[in-house]
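Residues -26 to -1, 1 to 398 in mature numbering (1 follows the signal peptide of the UniProt record, and there is no 0) are what the sequence shown spells out, letter by letter.
These aren't lab readings, by the way, just hints derived from the structure by calculation.
A quick note: this is a predicted structure, and the numbers were derived from the prediction, not measured.
Treat the hints loosely; a few may be bogus.
[What the hints assert, rightly or not] What follows is a list of derived Cβ distance ranges for each label pair:
1) GLN171 x ALA(-1): 54 to 60 Å
2) ILE380 x ASP208: 30 to 36 Å
3) ALA(-1) x GLY119: 46 to 52 Å
4) ASN306 x ILE380: 27 to 33 Å
5) ARG156 x ASP281: 19 to 25 Å
6) ARG282 x ARG40: 41 to 47 Å
7) GLY249 x ALA210: 32 to 38 Å
8) ARG40 x HIS338: 21 to 27 Å
9) ALA263 x ARG40: 42 to 48 Å
10) GLY119 x ASP164: 35 to 41 Å
11) GLY27 x GLY375: 16 to 22 Å
Beta carbons are placed, not taken as given, at the ideal position from N, Cα and C, and that holds for glycine.
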Amino acid sequence: MRTVKCLALAMILAIAAALPGSPATAAPPAGEHRGTLAGGATWLGHIPDDWNGTVLLFAHGFGPLRPQDAPSDRTRELLLAEGYAMVGSSYSGPTMWALETAENDQYAALRAFEQILGTPPRRTIAIGRSMGGLVSARQAHHPRGGIDGVLTTCGIVAGGLNLNNYQLDGLHALSELLAPGRTIPLVRYDGPEQAAQAAADILAVTTEAQASPQGRARIALAAALFNLSGGTGDPAGQQQRQFLALTAGGALNRYVTARQQIELSAGGNSAYNRGVDYRALLTGSVHSAQVRALYREAGLDLRADLDRLTATADVTADPWAVADLRRSSMVNGPLRVPHLTIHTLVDELVPVEHVAWYGAHTRHRPDLFRSLYVNAIGHCAFQPADDLAALHLLEARLDTGRWPRIVPYHPGRLVGGLGEPGRL
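Work out the full structure: start from the sequences and follow the hints.
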């Protein structure tokens, strides 16, 4: 009787599995999917024709609150061809610095997308770009919702407090040394219009200063405080590239206007420079030699300028804003899942010092963190091949429990057939 019952059950299961539309065999509906979350955020997802069981939870960077599920259309196309499903939310804001809501919005988008998939993913990987890299990095430390691994690309992994402080240092140098006697607000903006005017004023004095050796030396000092690399070569060539990144590249405008959005989110100013020793800051900078060389050529007294910056540094932080960003916009707690970050060698908005800070923060779990650098200049200046190579490396770590050995500048073998050179 026991055998007969087992055979009968087996036949029932076999018949059910063969029925059209049975939940056991139904493939998830391929194509684009959209929805709106309870908190007001919208989400976007794509399912390939032949899903490989992995979902990529993509967190977009600072900017308009529109849903994105991949860093570019081309990258999405390649990921879909490899069988990945992907989803991302717009964030519900209310400001473009959306860290207050972004994590919850991302997890809610994932849950909604899983309902469309109809079956639990075999693996979920969080991928974040720029500000979204901070969102995903925080998920690596609090991986609720089944996050198995995290890939951050050009991510603000040192967090909002560090970002605001070192950018204030550079802005203080430009304002104090290039526009003495003028009052250009650097913090506590009344609104986006005031921030835009401050950005325009700083851009104007920086552009004017570039015409003289003294101005170029002081711009190089500010660039060092911004942690802005000018690449390799002679000091003058490095300074020219720093100047272009600050002006034509839009970095100065972003430093100021984005700060207003962060202040709006935090309810005040989180940055300070009162008590900062600017001699010590420059001494600890990898750009110190370049600055000293340009100051010598310009006949300027570097010590006097640094002492002047220290003496005039009077910005204090609002404690409630610091507390808000420490909670919402910093990485907190131990690293819990494998985390790979990739960065360009020169990034004018999120310098490689972010990775160094994060590496020190996670030093107690070296088995879970790795960083890679792409031989390119610019914020998030990645090719799709770079993104896919990094994703495959993270997957190898998830598959084997070990980070693969990486041969510098040869990641193309991990991508295959994309027709694009690897640059990791």
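Right, here's what the structure says about each hint:
Taken as a hint, the range 54 to 60 Å holds for the pair GLN171 and ALA(-1), whose Cβ atoms sit roughly 57 Å apart. As the Cβ distance of ILE380 to ASP208 is approximately 31 Å, the hint placing it in 30 to 36 Å holds. A beta carbon spacing of about 24 Å between ALA(-1) and GLY119 contradicts the range 46 to 52 Å that was offered as a hint. Hint check: ASN306 to ILE380, Cβ distance near 29 Å, so the stated range 27 to 33 Å holds.
Separation of ARG156 from ASP281 is about 20 Å and conforms to the stated range, judged on CB atoms against 19 to 25 Å. The beta-carbon spacing between ARG282 and ARG40, approximately 44 Å, falls within the hinted interval of 41 to 47 Å. Roughly 33 Å separates the CB atoms of GLY249 and ALA210, a value that falls within the hinted 32 to 38 Å. Roughly 38 Å separates the CB atoms of ARG40 and HIS338, a value that falls outside the hinted 21 to 27 Å.
Checked against the hint of 42 to 48 Å, the pair ALA263 and ARG40 passes, with Cβ atoms roughly 43 Å apart. Checking the proposed 35 to 41 Å range against GLY119 and ASP164 shows it holds: the Cβ atoms sit about 38 Å from each other. Checked against the hint of 16 to 22 Å, the pair GLY27 and GLY375 passes, with Cβ atoms roughly 19 Å apart.
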